[in-house]
Each structure stands twice: as structure tokens, then as C-alpha cells.
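Please arrange chain B on chain A, whose structure you already have, making use of the hints.
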Amino acid sequence: MLKHSLVWWLLGERCPWSARVAVLAGRWAVCGRDLVCLLSVVVAVGCTPPAEFGDNSLEWYKQERAARLEPGQGFPEVHRQDVSDITRVWFGTPDAPQLPLLEGEDDPALELLDMGKLAWAAGPVVSRNEESSQGLYRRHCAHCHGVTGDGRGPTSAFLSPYPRDFRLGKFKFKSSPTGTPPTKDDLKTILVNGIPGTSMPSFRLLQDEELDVLVDYVIYLSQRGMVERFLIAAVRELDEDARLVSLPDAARLRDLPLDVQLGPLQRVAPVGGESAADRDSAADADSVGGSEADAKAGADEDDGSESDGGSGAKADVSYDRDKIADDLLFLAEEQMLPVLEKWLGILDFEAKEVDVPAWVLDSRDAAYESQVALGQKLYFGAANCVQCHGETGIGDGQTNNYDDWTNDWLKVEGINPTDAAAWAPYVNAGAHPPRPIMPRNLRLGVYRGGNRPIDIFRRIQYGIEGTPMPASLTLTEEQIWALVAYVQQLPYETLSRPETAKKLENERPVR
Amino acid sequence: MAAITERDVRSSVAATASAATVCSPVIHYLAWVTALTVFPLIWAGGLVTTTKAGMAVPDWPGTYGYNMFLYPWETWFFGPWDLFIEHGHRLLGSLAGIWCIGLVVLSWSLRTPSVVRWMSLAALALVILQGVMGGVRVLQVDREVARIHGCLGPAFFAFLAVLVVVTSRWWQAAAERGFWLSRTEDESGTRVGARAELLRLRAAMLRTLQNQRYVTLTLWALAYLQLVFGASMRHVPETADPYYFRILVWFHVVGAVCVGVAAVILSFTRGCPVPGLCWPRRLLLGAVVLQIVLGLGTWVMRYNFPDWFANELFAQAHLIVSNDFYQVQIVSAHVALGSFILAVGAFSAARIWRAEHGLRTVE
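Top line first, the protein sequences correspond to chains A and B.
Following the working numbering, the numbering of the first sequence begins with -11 at its first residue and continues without gaps.
Following the working numbering, the numbering of the second sequence begins with 105 at its first residue and continues without gaps.
Next comes chain B alone, as it looks inside the complex:
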């Protein structure tokens, strides 16, 4: 069975490029830019929470009485860390908002599939909601709102990942007949098999895609649940009962095991019937492995090694330094990578769904 190559996709895309429902590449690039802005935004948000700098600026939407964009940059850039990271987080959020406005303007002014138009609007609504939540958290001095703010951000990032897929040429190509015809040619370009053989091939590909979709979506859901538990641990009220935090930790640990198991199962759903499905899956698996390592690192950098290592020199000599570079970066990287997993998972699931959908609809 011949593997489909990028050349096949390009040729099939070229054949369908003139279709009226193709999204403008500008929108696709802007979706990428927005997503690439949101990732550091989430990382910065993680830094804000890790260093508890969220209340460094007491007012909102202004900054110490200034319009946010007119706040003296020297004071911001050379000021205390708390101010630097919190105000920087706001500026990055504003930038993401501007990109979302651009997406809406472009998608509603150019010839664009309606799904992209509405998704752009939804992205703008989400970024506004997220910004307002951040503001409410500051004005109300409420950690519960901070937790919801922390859970909504990664969901927004995952939504943007889907938007990137939906606005891509790949998305359009996967629904075209030409995309799938090449799948039924051998290396010399000759059509293989009779119709019955083609139908068997299609059924096998659908099964693979379906399995991958189920597992990817399960992994995504588990990862999001993990994120909610993680956010709840990071924003736990100081007055909370110790057993509440304990329950959260255990759920987070059990959730990590579940995500790991889902990742292992995903790695067994082999076969990439379509190009563009393999690398997101590999990236997802790699990110899950790295995330588990970072999770362990986060615990050690926050709370030291468990008692199992009571007689080990490395554990006893380990000194936690509050808010030092390694602690802050490892903990924040754990937060950011969690969002990254969600985004890649959403990206992968969207592509799998589209491939499955395309294969079902072509004759």
C-alpha cells in the first residue's frame, strides 16, 4: 500500500485551490500568529500565578491610573518583577485581542467559509471574556475567579489551534476527491485493485482514523481535567482544608496516570493514512512524556522529595528557594506545556475528524 506524500496533498490542493470555500492564507497566517501569541501569554500567566504577582496592579483595565498602553514603559520594564510580569501579561493579552479583532475583520470582509467567520467571532468573544475574567479577579481579589481564568485560557488556546486547522489548505484538501484518489495508486501511479478492494481499503482507513479520534479526544478530555485539577491546586484558598488539597493532588496524580495510559494507547494506534496526522500525534506523545517529567519536577521544586528518599543525600541536601529561576520556570513550564498538550490534541483531533469526514464523503 503506497503511502501518501506531501506531493499528493499539494497537487490535490492545487486542483481545488480555486474552490469558493477556500480560506484566505492571510487568515490562516493570522490564526497562527494569534496562537503563537497566546502560548507566551499563557506562559506569562503561569509566571504570574507562580510568583503570585497577580495583584501587582490593583486596577483594571488601566494600570495605576494610566491607560494600559500608555503606562510608562521604563517603569514597567525596569520596575519590580511583579509589575513587569503582570503588566506584560496584560499587554500580551491585549495583543491577542487585537489579533482576534483582525481575524474577525478579515474573515467577514474576505470570501471565507462561514465556519471560519463564526469561529473568529467566537475567538474574539473568548478573548474578551478571558480579559474580563482577569479584570474581575483583580478587582474582586478573588482566587476562585483566578482559577476559572486559568482554566479558560488553555481552552481558548486549544480553540485557536482548531481555528488554525480549519483555516488551512489541508482542511480544504482533505474534503476533496483528489486528495483521496492518490491514496489508491501504487508507486508507479497505477490504480490498484478493483472497487471492492478500494472499499476495503477505505474501511480500514476509517477504522484507523476512528480509533485515533476516540483516543485523541479521550486524551484531550483527560488533559483538560488535569488542567482543572492543576489550576485548582495553584489557586487553592489559603483557608482551604488540607484534605481538600490532598484530594486534588491525588486526583491530579491519578489523572496523570490516565493521561499516560491514553498516550500509550495512542502510540499503538499506528498508521498514518493521511499525511499531516502523524507529526501532531508524535508531538502530542512527546509533550505528554515531558509533561509528566515536569510534573515531578514541579513537586520537587515546590515541596521537595517525598519521604522515600529520606536517606538520600540529594534529597536531604535539596534546598527550595522560593521564586528562584529554576522553581519559577519549571512550574510555569508545567503549566504552559499542559496548555500546549491541549492545543496539539485539539489540532490533531480536528485533523483526524476532517480526514475521517473527507473519506466518508468522497466517492
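Extracted from the complex, chain A is given alone in its bound form:
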């Protein structure tokens, strides 16, 4: 009974004890390391593990299940190593970020992201001078969003909603249409304004330049995560004995000289000179085993034994440099460029100028009442807001939906989200336990994407990406503004209006 209660407390949520034990056992191996640190009574310098980008184990598990592999049978380890090595050589490490560039310093990726800003955001929190500190991402974001940007920082399990997983490339509150990434201004706006009612704070006390740095790094993490997901998906399409890059047996890409690892890609040193990765790689350029190293020494400690152990084998590795270059070019064009091009689109994107009608801002305006009435009609009618937000607008409509970050794995096998035993393996693989996404209570007058009329307009116009809130494809701008007016007056409306609402609902056309 005690054990049962303890497990219950530890995991929270509605979850049977068997699933709790399964989840706890799965996490125990990881937590064990941290608990050893916690219980250590001696000064254990170096107990803090070095930061590394974690593999997307959830995506691997998802693809394994999608490929209908037998339970316990995963993809061969070399595939995991290939994806890990490729993402590492393309995007660097949390301490030494890189960008995959096909055109060197002229690459358009550098128009979007500034290498100097990435270097500023990356790495542990340290100061080089009195004025500013390095490692802004780990200082301000990583505790919730995780070093990898997977939304699995240490604090994430407790937060509601869970912190954003950048790897899907989806962001909720933006001025761009559904399916396109947010603009830098959108991301910066969220950083400045925060999201009320959630754990996402406002960073308005940071310098403007620091906010830009964080925005660039978030985009970088998102790109990296998206490319990694595509590479994992590509593994599923491979023949049984094939590999992403033409290497014999268990040979690893990271053990080859850097120029071979890069293939057709080039690197640009971050502001302040060459990166630590490049320095190390240059030193090893003529020798086999020139893997990247971190700016902070020690990041490769766990690989050391592997490298040493394999050094004899590495000398015997024979590889076709041109073939590897062709493979990497193919992967870059198929898996990486679509991601980069998608993000590059935001450089040319300009949110359409929208004039806020005067009557939206002034309830004494002659047109106001009629527009609110129109908005109400749309709410219960064509826009069908009532389905989720409920008749009274308190968000008590359809409450069993899940966001895309959950549906991404939930729908692979059609898992019932209330069946904890079914989703426990996914949680062990790195997912958060599923939580239904609740429609906004419109009567509180607080909207997470912003309280300005234009913010609500955008939410209705483009929807909220990654959530069941759809874009309104059929509504005109005038109709959207009418809905904005209706929604904005809901907090001040008495609850006697639902009677009217019921009448209106009855008048709704049968679908």
C-alpha cells in the first residue's frame, strides 16, 4: 500500500499502479545516476554530466512501432549511430553549435541564423567579461525545454502545459499561416510577453540582443530536431542491410577525418575564431578518429573508451570517400534542405497588414452591437467555436483532444490515451504522459497568445498550430473581426445569455 501510494505521488496523473511501476523502472536507470550524485556526501567534482544532444529515442521507438517490428526488436544499432553522427557533424554539439552549409559563407542559412549568436547562446553559463554571459539558452531555457529542445528539461514533467518540444518545428502563437514556421518577431514576442497562466515566463528584463540570441538558438534547435526526425524516418525506408552512408560493417562516420564526415558541406567558424570542434578536427585531420570535441573539455569522455577500443579497427576501415560524399549530399538534399528552406521562408514572409476596425476598440460605436451579434451567430454557427469552447464559452465543449506533440506518437498505433499500460512504453522512450488539451475559457478574458484584438484575430484566422484550434479558412476578415468582438465581450457578459445561445444553436444548419 505504501509503495502504491509513493508511486502514485511520484507520477501524478490518473494512472494504474502497473504503468507507474513500469515507468518508474524505466526512468530509474537514468535517475540512478542523478540520485547517486544527490546522495553523495563527498565532494564529487565532475559529477555533473556533460551536456549532449540526446537522441530522439521517442522518434526511434515510434518508427520501430510503425515498422511493425517485433517487440524488443529495434533498428540495428549502426542506424542509430549513423543518425547521431550525421546530426552531430551537421549541427555540432550543445557547446559548439554548427550549421550544415552547402555554400559556405554564402549559404542562405547564414542569413537566417547568426553563428555568433548561436555561439553566445550555446555552452554552459560562463562569463568572458563583466557585461554579458555566455550560455544564454542553458541559463534561461534549458531547465524546461531541455538541452536538446525536446521539451524534456528537468522541470518539464510537472509543468502544465508541457514545455514546447521544438523538434517538430511547430509553434503555437505566430503571425504566419498554419504549416509555416513562426517569424523571428513572433518568437521574440513570446519571449517578451511570456504566456500568462503557464510556466513560460516573460523575459522582458533581458537585453534586446539577448532575446535575438535566444530566438536564433531556438530556431537552430528546431532545425536540428526536424532534420534528425527526417533522418530517422529515412532509416525506416532502408533495405535491411543498407546504411545511410556507405560504410562497412560497424564503422562509424565520426571516426573518419572531418573532411570526409562533412562531405559536400562546409563550416563557418563562429565569431571569435575557429570553433573548438574545428581546432580538434584540424589536429586530427590526417589521422583516423578525428571526431568533434566540445568547447568544454570532457564532453567526449564517454566516447573515449569507445574510440580507444575501436582504434585498431579504425585503422583497417576502408571507405570510399566519393561514395560517402554522394550519400551525404543525397541526405542533405532530401532530409536537410526541405527543413532549411521551410525556415528560410520566414525571411521573405511579411504578415499581412490588418487594420483593426474602430468598432472593435469602442463598444459605444454604432456598429458594435450588430457586430457582436454577428460574432455570436458565427460562434454557434459557421465558425463552430461552440464545439470546443462550449455554449457558455468556458471551454467545456470537446475536452478529449490532444495536441500534435502527443498525437504524433499517440496515433501511430491508435493508442487510447486513457490506457496507461498502452502508452507507458512511449513514456519510457521519452514522451510525457498524455494530457488532453483544454479549450480556452473565453470568459476569463485572458488569451495565451496575447490579449490585443489583433492577437485574437490571428488565432482565429490562422488557428493555433499543433492544437485542435483550426484556421478559419472560410471566414472573411469582417467575420473574424465580428468574432473577435464577440469573444472580447464574453468576460463581461452575464451567463443568462446561454439561453439565447441555445436558441441560436438550434438554428444551426445540420451538418
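Keep in mind that a hint or two might mislead.
[To be verified] Calculated pairs, DSSO-like style, for lysine-lysine (alpha carbon to alpha carbon, straight line, at most 27 Å):
(1) 156(B) / 365(A)
(2) 172(A) / 399(A)
(3) 156(B) / 172(A)
(4) 340(A) / 172(A)
(5) 176(A) / 399(A)
(6) 330(A) / 399(A)
[To be verified] One side only, chain A facing chain B, incomplete, derived with CB under 7 Å:
(7) 140
(8) 144
(9) 193
For the record, the hints were derived by calculation from the structure and aren't laboratory data.
Since this is a predicted model, take the numbers as computed values, not measurements.
The C-beta atom is built at its ideal place from N, Cα and C for all residues, glycine as well.
For chain B alone, coordinates are given in the frame of chain A:
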């Protein structure tokens, strides 16, 4: 049963003031000054961690190449917050170290009980160790060392609280016969009861003291465990598994309940057979209540209200502002008050132990 008054203590202290084992008041005052320096030092350390300013100065023991004490004060005072708080933390730590050196010099040069001498040395060793730990944390960029640094500081503060008690006149008086004789007089100054009655009274007082000691020490141990969990949460590595943090939070919450229960039990161990035992206990209880409130506030200022309040306007409208004044001060106050509880608990436990010890030894 007549209550003992401060007058009784003063008179008994006066009667024993000439004893060779009395500690110099200068040492006692210096112990107070050291403790009063360490409290803001701990608060500043909390601010450093809360605002993640610990790496604002990358070198140690110097500051950007300067001797720590020669660093331009204008740059420090009017510079960025990170530099201000981190360098200020170091300066305060140095000041505490200087006071500890003073304690050692005074206690070894004046006629002082040996326990005070060795405790002064231990205090100096602890403050040096704590300073070195802070330095190692900076040079190694290691959060694990920061956690241990965060746990050692409050222990040092509690140690100083004990030193304050040990160097006080009260400490000496509680071991004297005169201190306890007045306890057996009624309001008119007449001795009450026969020897059997006196023995019964003494047994009852010992029971009360013993209970208070057990509960106070239990509360202290729980509070320290809480502090370790809290420090582990604040210094959790960015790479840690979410379930590790979750376990820490739940342990911290369960620990808070345990501390609360211990505080309730302590409040039931009524009776102050000796003056000087009541106010630390009341202070301790008040601090525990305030600490629980601050703990809730810390969560809200860090992570917002839980889902239970999803439909409440105050919860949905609450916007967390990273490192704004209220967030930083509430979180740091929670940290500092935790240390304060440890210090008051140690102070109280030391006095109870001394009273118990004194009562057992006097005839």
C-alpha cells in the same frame, strides 16, 4: 510553581561571573556579528543561484584579474546585476572569514573555555572550506559543487548559532547551582517543598526539556534534509531526467509536511522551565509557518499555479516574469529562511541541551 524570570538569571549570572570558565563578552558579540554577517551572505548566495549569476566572475580567488578587494568599486557597484551580486557575495564571504579569524585570535588569546576555542577554529575551517567550494564551483563550472556549497553554507550558519549560545553568559549560568535554586522558590522568595518535592519538580522539568530536545533536533534534521532537497532542485543539471526533478519535488513536499508536523508537536511541548527557551521556540514555529507560505509562493513565482486553478482568473492571468523583483526576492527569501530555521533550531537545541545538562549536574 513560580516562573523563573530574567532577574533570576541575571542574579545567578552575576554570582558566577567571576568563574574562570566564563567566555569574554567580546567573543560573544563577535560571534553575533559573524552570524549576522552570514545571514545576508546566505541571502546573497540565494540571489546568486536564483538569478544564475554564479558564473558572472570566471576567475577565483581574484575578480577579473584583480585582487578581490582591489576590484574597482564603481565597476562593481554600478555594473551589471550579475557582477554586483556575485562579487558582493564574495566580499561578504570574505568579511565572514575575517570575523572568523578574529574569533580564533580572541578565543586563543583570552581566557576562554576550550570548547569555544575549538569551535572558533572549526568555524574558520568551515568558512575556508565554503570559500574554496565556491571557488571550485566557478573554476570547474560544476553545478554539483554548487549544490554542496549551497548545503554547507546553512550548516555553517547553524554552527555559528551554536557558537553564539556557547559564548553567551546564559550558557555559563545554566550550569550554575544558583540558576536552578531560584526555580525552587515561590513568589515571596521562600523555598518550597521538601527534598522529595524538589526532586519531583526536577524530574518533571527534565522530561519537558528532553521532549523539547528530541522534537527540536528532529525538526532540525528534517529541515536540513529539506534544504538538501531544495538545493538539489535549484542546482539540478539541465541534462537531468524530468523524473529525477519530480522525485525531488515530491520529497520536498513530503518533507515540508513532516517539518510542519514536527512544528505542531513542538508547539505542544509546552512549558518553559527556564527563561531563554521560549522565544527561540516561538521564533522557530513562526519561521516554519512563514517558510511553508514562501515555499508555495516560490512555486507560483517559478512555475505558476497548479492545474487545480485552471479556471480561476488569478491563475490564468498570472504572468511569470523571469528574474523580476518579486520572483527573485520570494525565491531567495525561501532559501534564506530555510537557513534561518536551521540556525534558530540549532540555537534552541543548544540551549535546551545546556539547560538539561545543567539541571542534571546541579545538586
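Results of checking the hints against the structure:
1. 156(B) / 365(A): violated, 51 Å
2. 172(A) / 399(A): With a Cα-Cα distance of about 31 Å, the restraint between residue 172(A) and residue 399(A) is violated, given a limit of 27 Å.
3. 156(B) / 172(A): holds, 26 Å
4. 340(A) / 172(A): holds, 16 Å
5. 176(A) / 399(A): This hinted pair is violated, its Cα atoms lying about 32 Å apart.
6. 330(A) / 399(A): At roughly 25 Å apart (the allowed maximum being 27 Å), residue 399(A) and residue 330(A) satisfy the hint.
7. 140: holds, 6 Å
8. 144: Holds - the Cβ of residue 144(A) comes within 7 Å of chain B, reaching about 5 Å at its closest.
9. 193: holds, 6 Å
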